[in-house]
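Just need the whole structure built from these sequences, with the hints factored in.
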Amino acid sequence: MTDVIEAPAIFDEMYGFLRRGAGNPASVRDAYVALDAWLGSAPPQLLETRRSQAEIFFRRLGITFAVYGDAQASERLIPFDIIPRVLQKHEWEQLERGLRQRVRAINAFLSDIYGRRECLRAGVVPEELIWRNPAYAPEMAGRAVPHDLRVQIAGIDVVRVDADSFYVLEDNVRTPSGVSYMLENREAMMRLFPDLFSRNAIAPVETYPSLLLETLRSVAPPGARHDPTVALLTPGQHNSAFYEHSFLADKLGIELVEGSDLIVRDSVLYMRTTEGPKRVDVLYRRLDDDFIDPLVFRPDSILGVPGLMDAYLSGNVTLTNAVGTGIADDKAIYSYMPEIIRFFTGEEPLLKNVPTWRCREPDALAHVLDNLESLVVKEVNGSGGYGMLVGPHASASEIEAFRRKLIHAPKGFIAQPTLALSTCPTYVESGVAPRHVDLRPFVLCGSDEIRIVPGGLTRVALREGSLVVNSSQGGGTKDTWVLEH
Amino acid sequence: MLSRTADSLFWSSRYLERADFQARILETGLRLASLPSINGPRNEWESAVAASGDMACFHAHYDVISEETARDFILFNRDNPSSIRNCFAVARANARAVRTAITSEMWEAINETWLELKTISDRDMGREETLRFLEWVKRAPRAVEGAMHRSMLRNDAYWFTRIGAAIERADNTARILDVKYHLLLPANERIGGSLDYFQWTAILRQVSALTAYHWVYRESVRPWLVADLLILNRQMPRSLAACYADLAQNLDLIADAYGQHGPGQQQAGNTLARLESLRIGDIFQSGLHEFITDFIKDNNRLGNTLANQYLLS
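Same order as they appear, the protein sequences are chains A and B. According to the working numbering, the first sequence is numbered sequentially starting from 1. According to the working numbering, the second sequence is numbered sequentially starting from 486.
Hints are not guaranteed to be accurate.
Straight-line alpha carbon distances no greater than 35 Å define the calculated DSBU-like cross-link-like pairs of lysine-lysine that follow [said to hold, decoys possible]:
hint : chain 1 : residue 1 : chain 2 : residue 2
1    : A       : K89       : A       : K251
2    : A       : K352      : A       : K89
3    : B       : K603      : B       : K623
4    : B       : K603      : A       : K251
5    : A       : K352      : A       : K411
6    : A       : K278      : B       : K782
To be clear, the hints were calculated from the coordinates, so they are not data collected in a lab.
Next up, the structure:
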């Protein structure tokens, strides 16, 4: 587990470990040769022109955001960087194999946790981490789901620290978002840099909506009609991801429904249409478990559908993703993923896990408390970069405050080394400069096959030296190119 | 389509139509108020408030009916569900909820109006400024309707939008008639003063029909012909008969597309048949006031029927 900590330098996606200005002539990695040549030959004004054109493009889309979220939402537009992040075909293929393996393992793990529980008997994961976990859904215990698949849409956050290895930072298998940025970033790039696209063979991502629709249709309950009806359930206009929900429903050509559009009769889910109730076979829900059915979960939820769980457990509708998948992307479970992958696939994990100290274990806690200034400490149930200590960037008083939190409730935390996340050239105020990036590929898991569009959403920490790429914390996004040759 | 989508299209369209009507009421009030008051006590603001909707709501906010209070009530009052401000707010909120069901041209027309209206505060406007403002208000529904005709697919979304406008328009025309029916009764003709004449023409102006009247009847303004134009004449786009021809046609298109006729089609068809068989003399004989009161009730009933049949299913 020491290889990450000891990584001596920062790996740059374009230049590798050699840095410009360090006396060495920059040696450009293969994936970036064409981009480098273009950057070198582009007149100085061009980047600025393209940047402002991109801003206009997204501001126009921003109008679309403002439509749904009013004035404040346009300020929440995620900054877009015009310099793409590029992956070689073989790099992507390596990553893709790892993603397939990981999502297969996650599905097998979930099916086991809510089924035979063999991995608990085998001691792969401690039982109490499951039963006492708020992400575990007892309602699903012993219940079958259509096709025995629980995660149909996954967003796996990966980072790299050198040319060879990808680390999974986080699995997102509840209602992962961001795919609309992936599609729109590509749209913007194709308009702004048509020449670059003709000079590089860049794998398309535009097939995502049709792959998603195929995936959703493939998981309809076995008894459903030949041509199953799919709908997308949104919490509504005031949800911050509403734009994405409406964007996807539009691209998929399916109805965008709210809880009040749905009714359950005799354990069957229907949407209210002008032609009477219409049966829904697959519900792509972008609403958290807690809110989907007030009869079973939060009784005060007005966003959900009374009786939805009944229809679901009766096998009359498929929910994607399934209820209770959160137990698989829980931060406390994360550290067991290598064992989980070995147990369920019989293979060695292809993607690495970031070494993790579980503060629930006394030895680990002691180590963490001794090394707070060099570690990243995360709340087990937090997300979005909140409730997190980044040791190297924290003040002494922040570290002390966190130390008290840790001693008070160690079980709620895990710690990881500060990863030397790779950087990617990024157009910032001072010109082109390296900034840290991660990558969220989207994995679609149907009853027939796993589908992945090449690439994903690259997030970039725009502040110099910052490692936090979350959009809620000042992160931006880039287009992600996978070269086809 | 989702019932909620149809419902939002229906109401967005109704409220836009209503905004237009409210602007016309206020314009008529201002025109009548600029008459010299030589013919005794006048009541133009009372009838303006009465035609605009809810007297009780008005009296909850103001002590007296005057130009200022009527203007404030109709333009900006947030508790008056039919104030022009609220009409645009509701029309936009409904359009926003079904943003992908309407075209971007339609959305832009609605949204721009709302954004501009928000910058106009509840301040007191003079007559001239008010009239300019009302011209602007009337432009918005025209722009939306134009965008709709030019850009929207002819499917159920389009038909529900048309139905919302037609049912609201029928209600509005009937309301004008209801408030002014006493002016149109033949018995009143012998009064025949210039004020009466002015009021009749004001009614026609209110529905942009003064020129149309002269083309259709080639006569000076007679009250029963005004009633004929606004109730039975299908050439006149705001007449009750024309609104119902529109309603019946669009409801039939929906029924054909869905392969099922229902109570809404039947009701609209009955009303249309009745309007086509009547002559204005018959209406006066059995009572203009009763006729209009019944019509408003029937029109509301059709709204409820459609809600049950399509919008709330």
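Okay, the hints, checked on the actual structure:
A threshold of 35 Å between alpha carbons decides the hint, and for A/K89 with A/K251 the separation of about 27 Å falls inside it, so the pair holds. About 20 Å separates the Cα atoms of A/K352 and A/K89, which keeps this hinted pair within 35 Å; it holds. Of the pairs offered as hints, the one joining B/K603 and B/K623 holds, with about 16 Å between alpha carbons and a cut-off of 35 Å not exceeded. Between the alpha carbons of B/K603 and A/K251 the distance comes to roughly 33 Å, so the proposed pair stays at or under 35 Å and holds.
Proposed proximity of A/K352 and A/K411 is supported: the alpha carbons are some 24 Å apart, at most 35 Å. As the CA atoms of A/K278 and B/K782 are separated by approximately 33 Å, the hinted pair is consistent with the 35 Å bound.
The earlier numbered hints are all upheld by this structure, with none contradicted.
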